Amino acid sequence: MFPNKRFIVGGLFALVILALTACATQVPSGTTQIVQQTVVVPQTAVVRETVIATPAPAAGGTFRLAIPSDITDFDPGLTTLVEFQTMKMGGLWNTLYTWDENLQMKPDLAESWEVVDPQTVIFHIRPGVKFHTGRELTAQDVKWTFEWMIKEGKVYARELGSIVGAAEAAKDKSLDVTGIEVLDDHTIQVKLTAPNVPWLSSIYPIPILDKETIADISTKPVGTGPFKFKEWIPNDRVVLERFDDYWEEGKPYLDRVELRVIPNQATAIANLKAGEVDAMLILDASQAATFTGNRDFQVENVPSTDLIMVHTVIDSNPVLQDVHARRALAYCLDKDTINRTVFFGLGQEQWSPIPSSFWAFNPEIDAQGYPFSVEKAKEELAQSKTPDGFDITYTANAGIQASQDVGAIWKSCLDQIGINMNIEVLESAAWLEKWFGYDYQLLYNSGPLPPDPQRGFTTFFTPQVEGTPRYAKVGWKNPAMYELMIKAATTVDQAERQKYYDELQKMTIEEVAPIIYIQQNPTLGVASSKVHGFDSFNSLRLLDWSNLWLDQ
Amino acid sequence: MGVYILRRLVHLIPILLVISAMVFVLTRLTPGDPALMKMGAQATLPENREALERLRAEMGLDKPIVLQYFIWLGNAATGNLGNSYWSGRPVMDLILGRMPATLQLMVTTIILSLVISVPISIIAALRPGSLLDKGLMLFSVMGQAVPIFWLGLALILLFAVQWRILPASGYVPFAEDPLESIRRSLLPAIVLSTREIAIFTKFLRSELIDVLNQDYIRSATAKGLTQTIVVRRHAMKNSLIPFITVVGLEVGALLSGVVIVEQVFGWSGVGWLSVQAVLNRDYTLVQASVLIVCAIFVFVNLFVDILYFYLNPRLRESLSQTST
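Protein chains in written order, with this note's numbering: chain A, 1 to 552; chain B, 1001 to 1324.
Hints in this document: simulated from the structure, not taken from any laboratory.
Every value quoted in this text rests on a predicted model; they were computed, and no experiment measured them.
Backbone N, C-alpha and C define an ideal beta-carbon position, used for all residues, glycine too.
Worth double-checking, as some hints may not be accurate.
[Unchecked claim] Stretches of chain A that chain B covers, calculated by requiring three or more beta carbons in the stretch to come under 8 Å of a beta carbon on chain B:
no. : segment
1   : 233-239
2   : 254-266
[Stated by the list, open to error] Heads up, simulated DSS-like pairs for lysine-lysine below, C-alpha to C-alpha not over 30 Å straight-line:
no. : chain 1 : residue 1 : chain 2 : residue 2
3   : A       : K151      : B       : K1063
4   : A       : K530      : A       : K506
5   : A       : K154      : B       : K1063
6   : B       : K1134     : A       : K434
I would like the entire structure built from these sequences, with the hints used as guidance.
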């Protein structure tokens, strides 16, 4: 008996659609000459395989970068959004110093700096730097920018608040910040209220602004960067063009930079493959696989400072006050499965708040974590005050698929030992409200850290000021740990600091509170192989814009 | 007729009032805090708690919800729908700035849908049960079933990545570059019109089959009129009346499709703006965009009703009798 005609027509139609879609996934091989190819490896190290010698940089061309959302305001003191950082760091403005691809400090507007003592830093400002208006930058501009940020309560006011006189000037705007002293046109000294060695690493994102054009900064930004502002077409693109008077001789190589707003990542990838954009600085691990083996593109998988973690609230939860219950939870985290299935093997396990790319990371201590073991989880639970198990809620973010997947993998083990985990998936704004209100038991989170070991501890492990919601709700009080943090922050000698961080690493692993660390969040960027200099991409999603050039 | 239009416009006021109250309550019942969203990670710091409260007060969120509503309503009555919490700019400026992009996409979609669906409905209706008719009906079912975002990405892969004949995304204003503007609107309009073509075809085909079986059509054919004249002068005219109502109602569905398509194609219209507003809990912008979209829907339906009068002589007659 012959099948019904309707089924034949339907079947053929479906086959045509499938065939067309399958064809579309095969990216045609381009004619671009491959000069340097970056290979994604399942660790956080970057391996670059040079196929043919790198030719001399070619001048000219437009570099088009896909960004996921538009700029709402060009004032750099309003947001720390990644896409804004990207533009700020290389395109429009310069900062005192920046970070290279290996997260080493690299001079920018400051040619050099001296840490005189744990509370004094002197910056030597580069001569011959001009603003896009043609005016020369001096140490006075650095002072003015810092004071403006403090007095206007901008996002960096917290970091700058450690400077002598900052608190007073924030209250009375007529006052000078006395801790900032201009020694001469190209030298500036900053004095802090207390010894704070990591302070220097916290000010890297602050761009130096032009006081004469500050009134128009929201729509017509002026900086000293390699590219000057040309136009902004809301929700479409930001166009920057070459600044001919840039201080680096012969740079930048590019004529023009376009930041194109493409909200959907799959569409941005299609644009990249269609040759309509040249690069993306944000790429999910799941999407990186679509570039595997494709020589028309270079994928950068760099040592990440972005840690994936689960926050706990201790005080309001008697069960979690017991370290054995927390260890039972930790033993049930199958990190190998999480990395392989959720992050496509692109991340690296972590048990402490110091990412492996930081100088203070001690791999031997981090290895003393809790390797996945159902048996050990059962043993820890048996020693706890709740040997028969307990109910717990895990809060995931609907906007981050990985948060839900991690919860599901975790739950499959916890079910076996009698811990009943309820996975609550909340839309981003609702998730944020829970997180800021400390209204959770276990909450998935991730975020990049500035490249200094101190920040991972001060952000989440500082005993909070009495009377604040975090003190009342998270309830993390460990005076010994706090003492070590103070010592680490006030010691200039790196070898000595290392000892304190070793001890701190050990304590966070032993206590597994108030945070359970999971792994590094892969930091991935992708560019067409015709883009050169893209290997300056680092885990802070910074690029050395003046060094970028394109095959002509 | 003028009285009728005026009456319908007066009806718009309670409709918008009810919608505004509903949107107002719903946005505030949704978990999430606009002040937290705006401050971001800074809000977690204990020293910023005061600043957070200050921001809430600036946004007017510290007042009781009923009072907030009446303050908003009072401003709205004077034409001031407020400023965006997120960007600080007047919401009307933001919406009107994005409106041309959305209207262009909608008009292109409607034109494309009509140009394709009307002829294929006629072909299918003239040969009901034929292989062609069945094929068109299969397309109709699939057109309604295929998710818009999937179709959008599949077409981008085909037309932009594989064949490189159309751009993958982005909006160019018509006034700036008409040819490029049309090129860019083609893919999103094709995606949006797939569903519309399916619905229009299914509806118009069954209407036409129904009308073509009426006695007066048989009389017209018996009189010796050609098939083209019978369909054009007699069958289509009568089928168009209910069809136009469906087209009007579909504008509402199109508005929801626009929200997804604009995201997929990076099309900077009102849909994209609204999604961002919801995600950022930008209450004022959500309220204003929902109100304006509702008003558009009501106006389109009013226009359809007016058209209905012109197409249906019996209604025109009854209206003139009522007027006298």
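Taking the hints in turn, this is what the structure says about them:
| no. | hint | result |
| --- | --- | --- |
| 1 | 233-239 | holds (count 3) |
| 2 | 254-266 | holds (count 6) |
| 3 | A:K151 / B:K1063 | holds (29 Å) |
| 4 | A:K530 / A:K506 | violated (46 Å) |
| 5 | A:K154 / B:K1063 | holds (26 Å) |
| 6 | B:K1134 / A:K434 | violated (53 Å) |
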